[in-house]
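A.B. asks: Sequence:
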Amino acid sequence: MIPQAPLSLGFSPCPNDTFIFCRLVEEAQNQQQPFFQHPYLEDVETLNLWAFEGRLEVTKLSFHAVAHLLDSYCILNSGSALGRGCGPLLIGREALPIQKLAHKKIAIPGTYTTAALLFRMFAPESTNLVEMRFEQIIDAVALGAVDAGVIIHESRFTYAKAGLICLQDLGQWWEESFDAPLPLGCIGVKRKLDSAQREEIDRRVADSLRWARTHPEKCYFFIKQYAQETEDTVIDQHIGLY
Numbered sequence: 001m002i003p004q005a006p007l008s009l010g011f012s013p014c015p016n017d018t019f020i021f022c023r024l025v026e027e028a029q030n031q032q033q034p035f036f037q038h039p040y041l042e043d044v045e046t047l048n049l050w051a052f053e054g055r056l057e058v059t060k061l062s063f064h065a066v067a068h069l070l071d072s073y074c075i076l077n078s079g080s081a082l083g084r085g086c087g088p089l090l091i092g093r094e095a096l097p098i099q100k101l102a103h104k105k106i107a108i109p110g111t112y113t114t115a116a117l118l119f120r121m122f123a124p125e126s127t128n129l130v131e132m133r134f135e136q137i138i139d140a141v142a143l144g145a146v147d148a149g150v151i152i153h154e155s156r157f158t159y160a161k162a163g164l165i166c167l168q169d170l171g172q173w174w175e176e177s178f179d180a181p182l183p184l185g186c187i188g189v190k191r192k193l194d195s196a197q198r199e200e201i202d203r204r205v206a207d208s209l210r211w212a213r214t215h216p217e218k219c220y221f222f223i224k225q226y227a228q229e230t231e232d233t234v235i236d237q238h239i240g241l242y
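The numbering of the sequence shown is this note's numbering, which starts it at 1 and goes up by one.
Hint data in this document are derived by calculation from the structure and do not stem from the laboratory.
Among the hints, erroneous ones may be present.
Distance condition first, Cα-Cα at most 30 Å in a straight line; then the derived BS3-like pairs of lysine-lysine [what the hints assert, rightly or not]:
id, residue 1, residue 2
1, K161, K218
2, K161, K224
3, K190, K104
4, K100, K161
In this text the structure is predicted, and so the values were computed from the model without any measurement.
The task is simple: from the sequences and hints, build the whole structure.
C.D. replies: If you want it as structure tokens, here you go:
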């Protein structure tokens, strides 16, 4: 089922997303009547904010953002990132007692990210929060622009190289507090699309993911065009975790 006009699509440049969508992007480039437009690859918080404007028909979203968007978007069965041992990390330059967080400047990767919500749940007394793109947080902490930061995506595999330490694994805190997997992100689709279209989108995303799992070596060129960290080991860890 091909829509009358190609559907708008957005996802993040992180390896788990580019891994999922690699096949769909390839198909869109090679088909005369593509199912999707050429995708927008943007930071997840940008995609969250765009969703509040209703800009994209199919988009990666933080689960935190979805909680505010359920009137306009529903969640696909395929493509979500949730699990155990995969949560955001609170990092700093040196050991910092948790009770002192209230008086510190903390970097977060966007108001509507799941990471930001998780930190607010963990440290509700902390109100001096500084929003920045996720890839800027390690440098901001290392250079002293902020006292600590909440990191996501590839950053969890590389922060130690900058001489930083983990102050709290927020995913571990979630699991110990709620005994449940941590829902991080998902693929949202506009409710205005009819059920047949939504089912077809879900099928195509699932097929693209199955193809990537069968042919991972064919995804690396696309993944590395957008990844913040291009080492194979980091990319493999990232995809395997999320």
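A.B. asks: Need the status of pair K190, K104: alpha-carbon distance at most 30 Å?
C.D. replies: violated, 39 Å
A.B. asks: Assess, step by step, whether the Cα of K161 is no farther than 30 Å from the Cα of K218, and give holds or violated.
C.D. replies: holds, 29 Å
A.B. asks: Next pair to validate is K100 with K161; report whether the Cα-Cα distance is within 30 Å.
C.D. replies: holds, 25 Å
A.B. asks: Does K224 lie within 30 Å of K161 when you go C-alpha to C-alpha?
C.D. replies: holds, 20 Å
Of the numbered hints stated above, the single one contradicted by the structure is hint 3.
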